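**Student:** Sequence:
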Amino acid sequence: MLHYRLIGGPDVALPSFTSPVIPKGTQVITVVAVDANGKPINGYRQLPPSQDPGNVADVFGCAASPAAVADDIYSCAPNAAGADVCWPAGPSAPKTLWCLDDPWSKGLRRVTSTDPLPHVLAPPTPAPFALLLDDGTQCRLRNGGAWGGRDDGLVGAYGCPNETPAVLVPVRPGGGESAIDRSQALWTVKVGSLGSGEAHLPPPQTRTVVTAWFAGS
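Using my numbering, the first residue of the sequence shown is number 1, and each one after it goes up by one.
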């Protein structure tokens, strides 16, 4: 606190000003939404059954979730089911899954696999299913669907929160390119708009990732 003296008056304290705190590194959170018995835990809860007649409750082709850091966490087809981060509902319901949309609402939806669930291993380089950026933007990992495009070779990898703006990733032969630069403790991403076809759009902006969420058990 600084002080100064008015002529003929008492000392007066000047207010202190502080700069915004910049995190030293990205916070990584592993979400455990379901216990070993298939029950929601840690504040995660079942959503009421959807009244939307287009809601998809049956899934198939379940494989390892791209966001998994533990085994037997699933991603299932079709894309319309939104079932890319799912935990098994336990031995008493061997084909039932709890699927999470995002870590902010903490709502879980029940879906049923048409086939027995296979044992799956976590991917060697998982991708977080949700991001919080430095400007407060919340982004969710893309789960299929037809998104817009750009003419600079970048495509949408995360919706923030929907298709546009999006976290962008370069298209490479064979795929496998990461949308997140993890070379520093504070991760970064490129964020930009998507348009119709190969739209000519402004260059993307670099944002830092404050928090990244993975799925665990």
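Note that these hints are calculated values from the structure, not bench results.
Given the structure is predicted, the values throughout are model-derived calculations rather than measurements.
Among the hints, a few may not be true.
In silico lysine-lysine, DSS-like type, Cα no more than 27 Å apart, as pairs [what the hints assert, rightly or not]:
#1 106 / 95
#2 190 / 39
#3 39 / 106
**Student:** Against each hint, give a clear statement of whether it holds in the structure.
**Tutor:** Now for the hints, and whether the structure bears them out:
1. 106 / 95: holds (22 Å)
2. 190 / 39: violated (37 Å)
3. 39 / 106: Holds, at roughly 14 Å.
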